[in-house]
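K.L.:
Here are the chains, one letter per residue:
Number of protein chains: 2
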Amino acid sequence: MATTRLDVGRIRAARVGIDPVFLGSPFFGCEPLGARLGCGVGIKLETANPVRSFKGRGTELVVGQLVAGGQRDVVCASAGNLGQALAWSGRGRGLEVTVVASRFAPRVKLERIRALGARLELVDGDHELARERAAAIARYDGIRLLEDSLDLETCEGAATIGLELVESGTPFDVVLIALGGGAMATGIGQVMNELAPEVEVICVQPMGAPAMTRSWRERRVVTTESADTIADGVAGRFPIAEVLEDLLVVADDAVLVREESIVAGMRLLMQDAGLIVEPSAALGIAAVLEDRERFAGRQVATVVCGGNVDLDSYYRWVGNK
Amino acid sequence: MATTRLDVGRIRAARVGIDPVFLGSPFFGCEPLGARLGCGVGIKLETANPVRSFKGRGTELVVGQLVAGGQRDVVCASAGNLGQALAWSGRGRGLEVTVVASRFAPRVKLERIRALGARLELVDGDHELARERAAAIARYDGIRLLEDSLDLETCEGAATIGLELVESGTPFDVVLIALGGGAMATGIGQVMNELAPEVEVICVQPMGAPAMTRSWRERRVVTTESADTIADGVAGRFPIAEVLEDLLVVADDAVLVREESIVAGMRLLMQDAGLIVEPSAALGIAAVLEDRERFAGRQVATVVCGGNVDLDSYYRWVGNK
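Top line first, the protein sequences correspond to chains U and B.
Going letter by letter, the first sequence gives residues 0 to 320 in numbering that gives the first Met the number 0.
Going letter by letter, the second sequence gives residues 0 to 320 in numbering that gives the first Met the number 0.
For reference, chain U alone in the conformation it holds in the complex (with noise of 0.2 angstroms):
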């Protein structure tokens, strides 16, 4: 089997440094939702803790690591959530944090980045030129760049949502991860692949972001001109070529859903399941609703990995029925 940058070892091993309140998230069933769609529906849900996503996990890891090094600072580049968990695992251990993100970025994000202490620098554009910006920072200052998919504290964090799905005894055929940077598609990819292999990882992005996809269908990092999606948390452009390399080993396929469906997603987790998500966390919905037939009987695990949405944002799509 060809190799990653990752292993199940490792990733066992990095869950000490992570602190409980990210760990041990719920894996349920949701019944109303597999009856409306004709097959078994887990949710793994990722936004039931301080920063209401899952990249608490991987910042955790990241901190710990830099505080033990020395580090007293770290800038990162953020859709959103990156940079919320960042400034949250760096507060508990009293490490500066630099976030810059779009100023297009929702603002329920933007706030709480804020408010966890952190130093926000907006962009004028979108998530690329705030990676820019951040590794220019970061080269300018001297102070740790912290990357996002690139970096492997940030998969390995996000692995442990697989280790978890497994460990929990719920059989499932299919897991389905939201696609961006591929950090958590890498992760959870993974540690199906060394201890599931049964298990079928599809991920899953917006066809207006399609980058990533489209780079793992032909095998080289395709970039685009622009992205076009509610999804913020996973609208990158520029797919990391290592990142790729390990796309292609552990997934089993990528695919492309519409807006509407994404809505209707987020549409489903509230009525069914009482949770009002971010977009990308609808995404392994939309899969669903877009070919039904591929899930048909099947036992589907979904992972909720978001809830940083801008309420108002959230009713102009979704509405309220």
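Just so you know, these hints were derived from the structure itself, not from any lab.
Bear in mind the structure is a predicted one, so any value in this text is a computation, not a measurement.
It cannot be assumed that every hint is accurate.
Claimed, not checked - Covered stretches of chain B, going by a simulated chain U footprint (3 or more residues, C-beta under 8 angstroms):
#1 23 to 30
#2 43 to 49
#3 268 to 276
#4 308 to 317
As the list claims (entries may be wrong) - Simulated restraints, written as ranges between beta carbons of each label pair:
#5 E95(U) to D172(B): 27 to 33 angstroms
#6 T222(U) to R113(B): 49 to 55 angstroms
#7 L128(U) to R11(B): 50 to 56 angstroms
#8 R257(B) to E166(U): 53 to 59 angstroms
C-beta atoms are modelled at their ideal positions from N, C-alpha and C, and glycine is treated no differently.
We have chain U already, so just place chain B on it with the hints.
P.N.:
What follows is chain B alone, placed relative to chain U:
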């Protein structure tokens, strides 16, 4: 110290009889909500499981014992959540479940009880009439009647929430518990009394359904002629003497809240935690809203105990902002 029918040793031992899907629920700080309320808010989330309420903890114990004892049937009265949980637990172990409920119970609760394979009988009256009818069925058919809060397993199951709160390692000064029949309040209260006596145990009930609170205050069973609250899960009128006796030992206070505070609490849980909850689950937040001074600067744990609510009612109460 006065004794109750409960003890932590038994509660600890009970845990092995509960499906893990109901255990280890999230307990996390919600800082945006805390900032609004002027206190630390820790949410113990009991809605991310197959029945979207805490009741599965107790029904797992009940059904385990009944099956071990060779029983094949059980009947209960339910406001809607106990019935779902009993149906879920019974289905898994081949026990026939009959649920008696008010025909005025939320549609989603009645639909889910049916979908889980239980026999559902509706009464044209409130929960107290359902209790009478369930008792009659048990007598007539010679099958076991499960009585919420009176049957120790229901209290012990709920009490495992208290164990998890204490074991979380996250300090808190106060725990706010929705008060209905009293299983959750006596169960969690018992754990606090034994393991964390410094924690203030406050029960919260709607002003429109105050029977148990009045009973606690007068130290004798007080019934009411009617109950009028949107918090259908706690709308009993006839407190059980044995449960009241336990509650008198373990509760530090019992408070009543207005309907508009319950609605405001539901709205805050949506805005700041992305959770659509049923009214009973917002009683704790309602109590803080009604007496901010009492909780100012303290660390408050509140059990978000159920999420089964009809969405049309929900949005009629709460709006979507």
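K.L.:
Give a verdict on every hint.
P.N.:
Going through the hints against the structure:
1. 23 to 30: With 8 residues in contact (Cβ-Cβ under 8 angstroms with chain U), the coverage given for the segment 23 to 30 of chain B holds.
2. 43 to 49: With 5 residues in contact (Cβ-Cβ under 8 angstroms with chain U), the coverage given for the segment 43 to 49 of chain B holds.
3. 268 to 276: holds (count 7)
4. 308 to 317: holds (count 4)
5. E95(U) to D172(B): 27 to 33 angstroms: The hint (27 to 33 angstroms, Cβ to Cβ) holds, given that E95(U) and D172(B) are roughly 31 angstroms apart.
6. T222(U) to R113(B): 49 to 55 angstroms: holds, 52 angstroms
7. L128(U) to R11(B): 50 to 56 angstroms: With a Cβ separation near 54 angstroms, L128(U) and R11(B) satisfy 50 to 56 angstroms, so the hint holds.
8. R257(B) to E166(U): 53 to 59 angstroms: violated, 45 angstroms
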